[in-house]
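Asks: Each chain, written out:
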Amino acid sequence: QKEVEQDPGPLSVPEGAIVSLNCTYSNSAFQYFMWYRQYSRKGPELLMYTYSSGNKEDGRFTAQVDKSSKYISLFIRDSQPSDSATYLCAMGLTGGGNKLTFGTGTQLKVEL
Amino acid sequence: EAGVTQSPTHLIKTRGQQATLRCSPISGHTSVYWYQQALGLGLQFLLWYDEGEERNRGNFPPRFSGRQFPNYSSELNVNALELEDSALYLCASSPGTDYGYTFGSGTRLTVV
Numbered sequence: 077q078k079e080v081e082q083d084p085g086p087l088s089v090p091e092g093a094i095v096s097l098n099c100t101y102s103n104s105a106f107q108y109f110m111w112y113r114q115y116s117r118k119g120p121e122l123l124m125y126t127y128s129s130g131n132k133e134d135g136r137f138t139a140q141v142d143k144s145s146k147y148i149s150l151f152i153r154d155s156q157p158s159d160s161a162t163y164l165c166a167m168g169l170t171g172g173g174n175k176l177t178f179g180t181g182t183q184l185k186v187e188l
Numbered sequence: 002e003a004g005v006t007q008s009p010t011h012l013i014k015t016r017g018q019q020a021t022l023r024c025s026p027i028s029g030h031t032s033v034y035w036y037q038q039a040l041g042l043g044l045q046f047l048l049w050y051d052e053g054e055e056r057n058r059g060n061f062p063p064r065f066s067g068r069q070f071p072n073y074s075s076e077l078n079v080n081a082l083e084l085e086d087s088a089l090y091l092c093a094s095s096p097g098t099d100y101g102y103t104f105g106s107g108t109r110l111t112v113v
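For the record, the sequence lines run as chains A and B. For what it's worth, this note's numbering labels the leading residue of the first sequence as 77, then goes sequentially. For what it's worth, this note's numbering labels the leading residue of the second sequence as 2, then goes sequentially.
Any given hint might turn out to be false.
As the list claims (entries may be wrong) - Some chain B residues judged to face chain A by a derived CB distance under 7 Å, without partners named:
no. : residue
1   : Y100
2   : S106
3   : G107
What the hints assert, rightly or not - Partial selection, computed: residues in chain A whose CB lies under 7 Å from chain B:
no. : residue
4   : G119
5   : F137
6   : Q140
7   : K175
Calculated from the structure, these hints are not laboratory results. Note that this is a predicted model, so its numbers are computed, not measured. Ideal placement from N, C-alpha and C gives every residue a C-beta, glycine not left out.
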């Protein structure tokens, strides 16, 4: 079993839809949770960075962490074609040697 | 502000050869990370350098090595190349031990 599981998609939604992207994990020691966006032939770009449980909002993006269920989510409101990319979740430990463990990514396509 | 820069963008090598990949971090960032992104496998942690020292290493054979220079730039060396080393190699940097990495666009290594 992988430490971090993420549905690879592809996920196709119409412009303006609310998108929900999710990851589950098995290591309850993870405390740092990130979401990265990766466009084709580019490096990942940090979107959201949260510590422990709860919600964090930044513009159209909301990150949610539920440590009791070992489940994290990224919500994108009013999705745009420019949001079409692969979304990667990543997690880290305190004292984890600064290593991030990534999901394999969900490919999102927002259609006009 | 310049981001994380990697060179070369593409590299084609023959099996058994050595490859050297280079990375310049964001100014002021002392930590440099290397990740391998192979098709279907997601990002795999390779190495973490901070203040010129190797601080953590992922589950890769010793033929993957690197170093960090006094100006915090870094290089990754891959010896005795194998076909399965073909991947996108991503460098990231962060200020100190912050998990909020910034990634470069990567070096696409192809081993033939």
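Asks: Now look at each hint and say whether the structure bears it out.
Replies: Here is how each hint holds up against the structure:
At its closest, the beta carbon of B:Y100 sits 5 Å from a beta carbon of chain A; the interface hint therefore holds under the 7 Å criterion. For B:S106, the interface hint holds, the least distance from its beta-carbon to any beta-carbon of chain A being 5 Å, beneath 7 Å. For B:G107, the interface hint holds, the least distance from its beta-carbon to any beta-carbon of chain A being 5 Å, beneath 7 Å. This hint holds: A:G119 has a C-beta 4 Å from the nearest C-beta of chain B, less than the 7 Å allowed.
With a cut of 7 Å, the hint placing A:F137 at the interface with chain B is violated, because the nearest CB-to-CB distance is about 15 Å. Interface restraint check for A:Q140: the shortest CB-CB distance to chain B comes to about 18 Å, outside 7 Å, so the restraint is violated. For A:K175, the interface hint holds, since its Cβ comes within 7 Å of a Cβ in chain B; the closest pair sits about 5 Å apart.
The structure fails hints 5 and 6 (numbered hints given earlier, in ascending order).
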